[in-house]
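Q: Sequence:
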Amino acid sequence: MDLASIYHRSGDNYCYLQNKDALHIRIRTKKANVTEIELIYGDQYEIVDYQWVSQRLSMEKSGSDSLFDYWHCTITNKKRVRYGFILRDSEQQVTYTEKGFFPFIPEDAGFYFCLPYLHLKDVFTPPSWVSQTIWYQIFPERFRNGDSSLNPVDTAQWGQEEPGLYNFFGGDLQGIMDALDYLTDLGITGIYLTPIFHAESNHKYDTINYLEVDPQFGDREMLKNLVKECHNRGIRVMLDAVFNHCGYHFPPFQDVLKNEERSRYKDWFHIHKFPLKENDMLHYETFGFYEAMPKFNTANPEVKEYLLHVAEYWITECDIDGWRLDVANEIDHEFWRSFRSVVKSLKPDIFILGEIWHDSLPWLRGDQFDSVMNYPLLTKALQFFAYDMISPQQFMEEMTTTLLAYPDTVNNVLFNIIGSHDTPRILHECSYRKERVKLLFTFLFTYPGTPCIYYGDEIGLGGGSDPGCRKCMLWNTEVHDTELKEFVKRLIQVRKQSSLLINNGTFYFLSQSDSCLAYYTKEEDEILLTVINKSDKEAQFLLPFPLRRKKISLLLTKEEYAAESDDLAVILGPYECSILRFNMNYKYIHIR
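Going from the sequence shown to the numbering used here is simple: count from 1 and add 282.
Any given hint could be a false lead.
[Unchecked claim] Restraint ranges, calculated between C-beta atoms of paired labels, are given here:
1) Met866 with Glu328: 35 to 41 Å
2) Gly570 with Lys302: 42 to 48 Å
3) Gly570 with Arg362: 45 to 51 Å
4) Asn582 with Val405: 30 to 36 Å
5) Arg291 with Gly392: 17 to 23 Å
6) His552 with Gln337: 50 to 56 Å
7) Glu594 with Leu339: 45 to 51 Å
8) Lys360 with Glu820: 47 to 53 Å
[Said to hold, decoys possible] In silico BS3-like links for lysine-lysine, alpha-carbon gap of 27 Å or less:
9) Lys753 with Lys767
10) Lys778 with Lys510
11) Lys767 with Lys778
12) Lys771 with Lys804
13) Lys343 with Lys360
Think of the hints as simulated: they come from the structure by calculation, not from any bench. We put the beta carbon where it would ideally sit given N, CA and C, even for glycine.
All chains, please: the whole structure from these sequences, using the hints.
A: In structure tokens form, the structure reads like this:
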């Protein structure tokens, strides 16, 4: 047994409260190295006849990646827990505790991993509505021009030239209001708006005034009306908070440029010396290396107070439902803890979403964010569906690694994307092969998390990297890819109609074929299975369940069948997928 490969810690994704009654425990071992694991556990104060009273529970192999097996079990109705692991292979048995490995089972509870008390307050509790939401990301300047009187000078005719770094087309809040029927028909229940506050650029990530809607987009009353009308339609609204940096023309920064050492705002920024610029050398910190985006010193009490006031203001004034936090990983954790305290005190079910492109566990411990943008999912999905870089087996293994990097409570609300304003369009990434885009959408809507569509992807809008991915939305339905749009609508309907796809079940990958990816979600005796053929040839996937006399529903086509044999297979044409639902009370040995 390879003891060096065995890993567990009491916390984060390896030991966490699923809810007030259930504690999830995981352990990682070298792949195919351990054959059986039992959890030994009990209350450290329960002693009978001078012996610790313990119980044992078999652990389930719940996932495997290229290097490791992952094991899982659930303990219920415990307030205090000491626990360890009894591991076996064909030749050896060891006990793993907080104090190390032993060839015997220690009798002293003090040897074991410890959870001194399980507090309900420590349960990770994102807003309950988030996992049920179908998000739609809107880049306001390019979505729809609803009020031409707001157009900036030299506004280009809608969609008649390529998007550039500096051109404007006149998109505004009235345009979004005018498009609500479209979004409702599509099935959208949440919209995420990139920045709408007064700024110089078309992207608005260079804020001038955080307390004013950009005049190009409208005003505060227009935003208030938009949020109200969205709420009337069952649509939540999330705004973008750019608190890492401001714009060059932000008045306090202009004051520092003018007054230098004498400016009362000099400590609002990370300034090394004056003047702020000599030749091409900047003497202040910025976002990236952009001179026009000076970085805030969020440890400064005045900066902190100002930005937290901004967060409060738009909740109070317009009743928004969420904040998406730009460049969230470059701001100190203490600021985000204060941010969470402030916004949750005003609106307990507000959604806090961080923009982080890497492992985000430090921000997802319940004291800062509710979720992060799931860029690791985007990266792996493109490698598999668009680029043909990895096989179904490799994709399953790499997604298992990312899935088990977080607790299930976090995975259920990760903000899943297959494109955004910062990435090339999904159609472009797929080399304009629509059949692959459809497979990506299928994966997006059947995988754990909360799915988001980048505006226009559902109608086949193309475009490369920024600024190409920020084209004007097409409103002439004659140029829409209606077949793709109807396919996306059907996926949205399927997700809304199945409780298993709004994260009420447990997710598992199945063993893969050379061409098919298969996975399912299970709750009690209900199973929802997705099979995707990512090849240019017909494929057959044998269903590893005893389904004789079971009713099988094909959710994409709305067909139903009664199985006549246990040996059933899903037959898929090139680049086809199927979503099946059936009921069965059967414990299948699965791979997660």
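Q: With reference to the structure, classify each hint as holding or not holding.
A: Hints and how they fare:
1. Under the hint 35 to 41 Å, the C-beta atoms of Met866 and Glu328, about 38 Å apart, fit the expected range.
2. A hinted range of 42 to 48 Å for the beta carbons of Gly570 and Lys302 is consistent with their spacing of about 44 Å.
3. Judged by the Cβ atoms, the range 45 to 51 Å given for Gly570 and Arg362 holds: they are separated by roughly 48 Å.
4. A beta carbon spacing of about 34 Å between Asn582 and Val405 agrees with the range 30 to 36 Å that was offered as a hint.
5. At roughly 18 Å, the beta-carbon separation of Arg291 and Gly392 lies within the given 17 to 23 Å, and the hint holds.
6. Distance hint check for His552 and Gln337: the Cβ-Cβ separation is about 54 Å, which falls inside the suggested range of 50 to 56 Å.
7. For Glu594 and Leu339, the hinted distance range of 45 to 51 Å is satisfied, since their beta carbons lie about 46 Å from each other.
8. At about 51 Å, the CB distance of Lys360 to Glu820 agrees with the hint of 47 to 53 Å.
9. Taking the CA atoms of Lys753 and Lys767, the gap is near 18 Å; set against the 27 Å cutoff, the hint holds.
10. Distance check on the hinted pair: Lys778 and Lys510 sit about 23 Å apart at the alpha-carbon level, within 27 Å; holds.
11. For the given pair, Lys767 sits about 17 Å from Lys778 by alpha-carbon distance, which is consistent with the 27 Å threshold.
12. Between Lys771 and Lys804 the alpha-carbon distance is near 24 Å, which keeps this suggested pair within the 27 Å criterion.
13. For a cut-off of 27 Å, the pair hint linking Lys343 to Lys360 stands: about 23 Å separates their Cα positions.
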